[in-house]
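K.L.:
Chain residues, written in single-letter form:
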Amino acid sequence: MTESSTRPTGVDKTLVGRSYAPTETYDVSRVKIAEMAAATGATHPAHTDPDAAWALGYSDVVAPPTFAVVLAQRAEQAYVAAPESGIDFSRVVHAEERFVHHRPIVAGDRLRTTVHVDKILERGGITLVTTRAEIADEADAPVATVTSVLAVRGAEK
Amino acid sequence: MNEQNETLARGARPLLTELEAGAELFRRTYAVDRDRLVRYAGASGDFNPIHYNDRFAHEVGLPGVIAHGMLTMGLAGSAVADWAGDPGAVVEYGVRFTRPVEVPDPGTAEVEVAGKVGAVDLGEGSVRVDLTVTSGGVTVLAKAQAVVRLG
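Keeping their order, the protein sequence lines are chains A and B. Under my numbering, the first sequence has 144 at position 144, and the numbering climbs by one with no breaks. Under my numbering, the second sequence has 32 at position 32, and the numbering climbs by one with no breaks.
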């Protein structure tokens, strides 16, 4: 109780290598793409106008470059919010994020996401947790890989 | 949500063979106010109260409400997509979050995005765009790089 040093974060390192079952299907809608585009200042008409998207060769409106985070963050909850992870979300800050698009996401896509715990490292009282969300379509073809690093601080007391 | 656009007209796709490493490609400024934070929360599903509730933000030791890191990353991504002339051409995009963007009320925080040519890969038909993303002169995203397919 009177300790002054930073305590360990309690993140369970034995979960590295663990995968979480694919999420329920996420239906990508024109409305959600338009909301995300407006919020992130994306003005390209291919986000909102199907004709503009068709002109670029897409079957429907195209998602902004960071749209996949919507699916990734929902799926990450299966791990991050689980008591077994040992992650206190009130002590988490987002450290890194990376998207690899195997193909663009368009309205009408029906996608499922599988989360993998890739790495857990300790660095000076902070635990860095790397997760990888693999997003695939109905045919199980890869659509996007979203890698996220969360920094978890130890309790200060 | 006024945007200042100093980039070339949309529709014109950049030519890979005209890009030189180090050359500046675009510069954009985005105004971030509380309205935008609420819109981003709804669009993304990230409802952490540190992004809209001053009392809560202070309780967890923040100076005030801060923007979602993913919102800042999204703004810079939009600048890249607009420059590319095709949002689906951004095949890779990664950042490191260095400092939070504090969003006053009333008022706005400004996020400035500058993109330059990192490297051109003629074989892949792609360009790496290196981004400088600052707010109030402070770097908020580091190692911000996007790969855009133009070939």
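Simulated from the structure, these hints should not be mistaken for lab results. Possibly wrong hints are sitting among the right ones.
Okay, the calculated beta carbon distance ranges per label pair [what the hints assert, rightly or not]:
1) B/125 with A/142: 17 to 27 Å
2) A/108 with B/110: 16 to 26 Å
3) B/18 with A/88: 49 to 59 Å
4) A/121 with B/102: 44 to 54 Å
5) A/50 with B/58: 22 to 32 Å
6) A/25 with B/47: 21 to 31 Å
7) B/48 with A/125: 20 to 30 Å
8) A/59 with B/105: 20 to 30 Å
9) B/17 with A/121: 35 to 45 Å
10) A/54 with B/104: 18 to 28 Å
11) B/102 with A/118: 26 to 36 Å
12) A/125 with B/49: 22 to 32 Å
13) B/20 with A/125: 24 to 34 Å
If the Cβ cut is set under 7 Å, some of the chain A residues that face chain B in the computed set are [stated by the list, open to error]:
14) 35
15) 39
16) 108
Keep in mind the model is a prediction, meaning the values are calculated, not measured. We put the beta carbon where it would ideally sit given N, CA and C, even for glycine.
K.L.:
Now tell me, hint by hint, if it's right for this structure.
P.N.:
To see whether the hints hold, each was checked on the structure:
1. B/125 with A/142: 17 to 27 Å: About 20 Å separates the Cβ atoms of residue 125 of chain B and residue 142 of chain A, which means 17 to 27 Å holds.
2. A/108 with B/110: 16 to 26 Å: Violated, at about 36 Å.
3. B/18 with A/88: 49 to 59 Å: holds, 51 Å
4. A/121 with B/102: 44 to 54 Å: violated, 29 Å
5. A/50 with B/58: 22 to 32 Å: violated, 45 Å
6. A/25 with B/47: 21 to 31 Å: This hint holds: roughly 23 Å between Cβ atoms.
7. B/48 with A/125: 20 to 30 Å: holds, 22 Å
8. A/59 with B/105: 20 to 30 Å: violated, 41 Å
9. B/17 with A/121: 35 to 45 Å: holds, 42 Å
10. A/54 with B/104: 18 to 28 Å: violated, 42 Å
11. B/102 with A/118: 26 to 36 Å: holds, 31 Å
12. A/125 with B/49: 22 to 32 Å: holds, 25 Å
13. B/20 with A/125: 24 to 34 Å: violated, 44 Å
14. 35: Nearest chain B Cβ about 4 Å off; hint holds.
15. 39: holds, 4 Å
16. 108: violated, 14 Å
Taken one by one, the earlier hints fail for this structure at numbers 2, 4, 5, 8, 10, 13, 16, listed in ascending order.
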